[in-house]
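Start from chain A and add chain B according to the hints.
Okay, here's what each chain looks like letter by letter:
Number of protein chains: 2
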Amino acid sequence: MTEPAYAAVDWGTSSFRLWLIDRAGQVLAERRSGEGMLAAAKTGFPAVLQSHLAAVEAPDHLPVLVCGMAGAKTGWVETGYVDTPAPLAAILKQAALVPGELRDIRILPGIAQRDANTPDVMRGEETQLLGALGLDAAGEALVCMPGTHSKWVRVKGGIVEHFSTFMTGELFSVVSRETILSLAVVGADDAEDVASFKAAVVAAFKAPAFAANLLFTARSRQLLFGGTPAAARETVSGTLIGVELAAGLSGAVPKAGVTLIASGRLATLYRLAFEALAVTVQPIDADEAVRRGLSMAAAAIWMK
Amino acid sequence: MTEPAYAAVDWGTSSFRLWLIDRAGQVLAERRSGEGMLAAAKTGFPAVLQSHLAAVEAPDHLPVLVCGMAGAKTGWVETGYVDTPAPLAAILKQAALVPGELRDIRILPGIAQRDANTPDVMRGEETQLLGALGLDAAGEALVCMPGTHSKWVRVKGGIVEHFSTFMTGELFSVVSRETILSLAVVGADDAEDVASFKAAVVAAFKAPAFAANLLFTARSRQLLFGGTPAAARETVSGTLIGVELAAGLSGAVPKAGVTLIASGRLATLYRLAFEALAVTVQPIDADEAVRRGLSMAAAAIWMK
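Order-wise, the sequence lines are chains A and B. Residue 25 is where the first sequence starts when you use my numbering, and the numbers rise one by one after that. Residue 25 is where the second sequence starts when you use my numbering, and the numbers rise one by one after that.
Isolated chain A (complex conformation) (with noise of 0.2 Å):
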């Protein structure tokens, strides 16, 4: 095994993810967890490294970079954003670093919108944005990066020109969770209904405004037609995603089509999301992006 070069974290609001990555970029060893910013907040943000760390057997001068929340008010230590308009390339030289430790960790800044009628902040996506595009990216880029607080962003020759935030799976977890429609989804089980996301993504994205109407309608059609709990969720879940994409398709889309940054299942959905709408999309995996991302910043910070 080749000597790791850096550690870099991706430290959610709710997920901790380490890699132990050597100077070629390659990994050596990951780490995965539920330990992100909540969790950490209580426990401390230092115990939390360090064990992941030791779990890895990181060398006690490996230096450490973060990405994330950890960087937020209520995170480790607070980062700051690079404002709107924001180079790519603004983002590994505004890394903080955590004082009173013994090894060099430093966090990166997110990046926000300080315009009184779209304010907006993000944390960690700037990263996997670095890692999906690169430095200097020519051209534009139209980007979905689907999740809890999905961004839509609007990259122009590597500067993040504009973006916004939207509470998608945030609220899928609590109309599916928390109201009357829990009623229709309660016992549904991994089966896919592709037919009915695919629909209710229609029917929002061509109706936005009936978005809380078509969320009931996962109940109604139960009580008057039946259905299965499983339709009911793909019927929240398809709404929700296409009043999003009806609202980030609004302006113009490059002609390569939106740059899908995604892992997993949501990757899987807005896929279908997108191929119900028939607009072409690049997909980069997010994971992987993040990665990349934390990579290019350590090597311009530590392997200059």
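Some clues are possibly wrong.
[Claimed, not checked] Listed below are several chain A residues computed to face chain B (Cβ distance under 8 Å; list not exhaustive):
1. Met191
2. Ala236
3. Val267
4. Ala271
5. Glu299
6. Val303
FYI, nobody ran anything at the bench for these hints, they're computed from the structure. Glycine included, every Cβ here is placed at the ideal spot set by N, Cα and C.
Relative to chain A, chain B alone:
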């Protein structure tokens, strides 16, 4: 005090209201409680009803007319639906007798829209419509009935032609309490912030597809620019109501404007929302409407 002729009950999901009414339609006594369908399903519908009848000293033989969720599958006695196009006059002809009771207790049916694309159901609002519009209202009305599950109803010549349920009230409740926006809203006092509310209504009305983004600005605006928890709450409320109005007003609006059947705080909020969009409303008190609807039905059933 004159003799009571019947008791009228509006039995909703989470509220119970009873009026003791004489032959002339005058209210002799009133009861309000939180023993709605959800609570009564546990403690027993007959016991809840009897306790309120005893409290107003109703005679043993007094008939009782009920509307609302007591007639749902999960209620007391399932009463079925009148299907759209539904003459309001048909509602009072299909009241179901509660079996095994000493007194004459009847529950009014709901209305169902058995359309595969826009399936929908109502229980309770049909009685409000009856009271607000009368049995054979001439002309066309576009009715907005705000609530946990708001209803928008098109009535023509006394016939309910089409309606749509919007989960606006329930969405407000879960979004402001169970999502990240709870951090922005927590500690909000009752102070009104009409400017924030109206601005959110207009923004969401203009760009309903951006609903899940406009909601998030309640948090990002506070992070980047500050602002009170009350302003954040009004942004959430105004966004959800603005999207509902974009859908509700997407068809033809009668010359006289929208018939707004609402009470209390919801009546105030919706009046402000319509005002922000310069749409005329004909306000009708929801409590009075349901009582009048129950009285009309009771008169038709027992006082021919």
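Now for the hints, and whether the structure bears them out:
1. Met191: Where the cut-off is 8 Å and the nearest Cβ of chain B is about 5 Å from Met191 (chain A), the hint holds.
2. Ala236: Hint holds; Ala236 (chain A) Cβ to chain B Cβ min 4 Å, cut 8 Å.
3. Val267: Hint holds; Val267 (chain A) Cβ to chain B Cβ min 6 Å, cut 8 Å.
4. Ala271: Holds: closest Cβ of chain B sits about 4 Å from Ala271 (chain A), inside 8 Å.
5. Glu299: violated, 19 Å
6. Val303: violated, 15 Å
The structure does not agree with the numbered hints 5, 6 stated previously, though it agrees with the rest.
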